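Colleague: Sequence:
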Amino acid sequence: MSKKIYNLVYFLKESKTLFKIDFFSNLFSIISIGLIFFILSLVLLGWRVSNYIIEIVESEAEINVYFDLQLKEDEIKFLMEDIEKIDGVSHVTLVSEKEAYNRMAEILGKEAHILELFDENPFTPFIEVKIHIEEVDSILAKLEFIKNIDYIRDNKNIIDRLQRILIILKVIGVLAIVAIGVSTLIVVSHIIRQGIYNNRDQINTLELLGAPDTFIGFPFLLEGLFLTLIGGLIACLLLSLTVNLGYSKLSTTLTFMPLPTKDRLILPVGIFIITISGILGVLGSLFGLAKHNEKN
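Take the sequence shown: its letters are residues 2 to 297, numbered as in our numbering.
Keep in mind the hints are simulated off the structure, nothing from the lab.
Since the model is a prediction, treat every value here as computed from it, not as a measurement.
Watch out, some of these pointers could steer you wrong.
To be verified - As a list, the in silico SDA-like pairs of lysine to any residue whose alpha-carbon atoms are at most 20 angstroms apart:
#	residue 1	residue 2
1	14	24
2	157	51
3	148	84
Stated by the list, open to error - Between beta-carbon pairs, the in silico distance windows are:
#	residue 1	residue 2	range
4	78	122	20 to 30 angstroms
5	183	110	39 to 49 angstroms
6	69	261	34 to 44 angstroms
7	145	279	54 to 64 angstroms
8	29	105	52 to 62 angstroms
9	73	123	20 to 30 angstroms
Quick reminder that beta carbons are idealized off the backbone N, C-alpha and C, glycines included.
Turn these sequences into a full structure, and let the hints guide you.
Modeller: So this is what it looks like as structure tokens:
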């Protein structure tokens with residue numbers, strides 16, 4: 002047990018020495034890796050926000066059905082019952098003129114005084130239909146056969162656009178992960194090979210003494226791991242600062258758009274960045290060591 006601890010301390014000291022030997026090159030590499038991972042974190046952040054908004058919109062999916070204003074109260078009731086019988090409809094509510102006015106006033110907020118310019122209430126009553134979004138097409142088709150319906154307003158176009166945006170963000174995210182993975186592997190493997198070259202005399206001595214490749218290479222592996230982990234931590238710090246600075250502004254500007262909490266944004270993305278940075282650090286180091294062993 003004491004031998005393992007001694008070796009670990011030795012490996013840590015050696016990796017620290019390796020870092021100091023080419024300090025400025027390693028420092029700039031850490032900053033570069035940190036900025037690269039920060040860009041990736043922003044892409045993932047946009048991915049999560051878009052996905053969250055789509056989930057909220059889908060869970061609150063509704064259709065507004067406007068009917069003939071000449072209908073009597075009992076006729077409106079029968080109409081609502083017919084709509085509620087359609088498969089995929091979860092709930093039906095009658096929204097009065099006054100409630101429609103109040104809802105718009107709430108949406109407009111400070112600009113609600115615009116509504117006072119109208120002599121009469123410009124809004125008409127409608128039936129609010131809560132639906133399962135995946136069945137929206139069949140619901141709309143069946144509504145066309147129901148009498149006394151003048152107009153149907155749905156948010157399917159908005160959801161379709163959001164889904165297309167999410168697909169684009171996912172593609173960008175995958176491409177970003179691949180590009181960042183390849184670039185990080187190249188940077189780390191180059192640093193490791195440079196470190197091996199700078200310490201070639203010491204490595205040759207250890208090889209002559211019979212030291213195994215794992216013993217010689219482990220400090221270099223730790224160096225690559227530390228480089229990417231520190232870069233990942235820098236990216237997480239920049240991400241946290243960006244979210245904390247921009248979240249309140251977005252919340253006040255986009256009051257109509259639901260946003261996930263800051264913790265739900267930062268924590269999962271941060272964990273992913275740290276994990277992927279560690280994996281890439283180890284892989285990059287192994288790649289650099291493998292290239293050195295091939296030459297030998």
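Colleague: Cβ-Cβ distance between residue 29 and residue 105: within 52 to 62 angstroms?
Modeller: Given a distance of about 55 angstroms, which is inside 52 to 62 angstroms, the answer is holds.
Colleague: Between residue 148 and residue 84, does the CA-CA distance stay at or below 20 angstroms?
Modeller: holds (11 angstroms)
Colleague: Starting from the range 20 to 30 angstroms, see whether the pair residue 78 and residue 122 falls in it by beta-carbon distance.
Modeller: holds (22 angstroms)
Colleague: Against the range 54 to 64 angstroms, how does the distance between the Cβ atoms of residue 145 and residue 279 compare: consistent or not?
Modeller: With Cβ atoms ~56 angstroms apart, the hint holds.
Colleague: Could you tell me whether the CB distance from residue 73 to residue 123 stays inside 20 to 30 angstroms?
Modeller: Holds, since residue 73 and residue 123 (Cβ atoms, about 23 angstroms apart) stay within the stated range.
Colleague: Should the hint that residue 69 and residue 261 are 34 to 44 angstroms apart at their CB atoms be regarded as holding?
Modeller: holds (41 angstroms)
Colleague: Take a quick look at whether residue 157 and residue 51 sit within 20 angstroms of each other, Cα to Cα.
Modeller: holds (16 angstroms)
Colleague: Mind checking the alpha carbons of residue 14 and residue 24 for me, to see if they're no more than 20 angstroms apart?
Modeller: Given that 20 angstroms is the threshold and the Cα spacing comes to 15 angstroms, the pair holds.
Colleague: Falls inside 39 to 49 angstroms, the C-beta gap from residue 183 to residue 110?
Modeller: Once the Cβ atoms are compared, 47 angstroms apart, the range 39 to 49 angstroms for residue 110 and residue 183 holds.
Of the numbered hints listed earlier, not one is contradicted by the structure.
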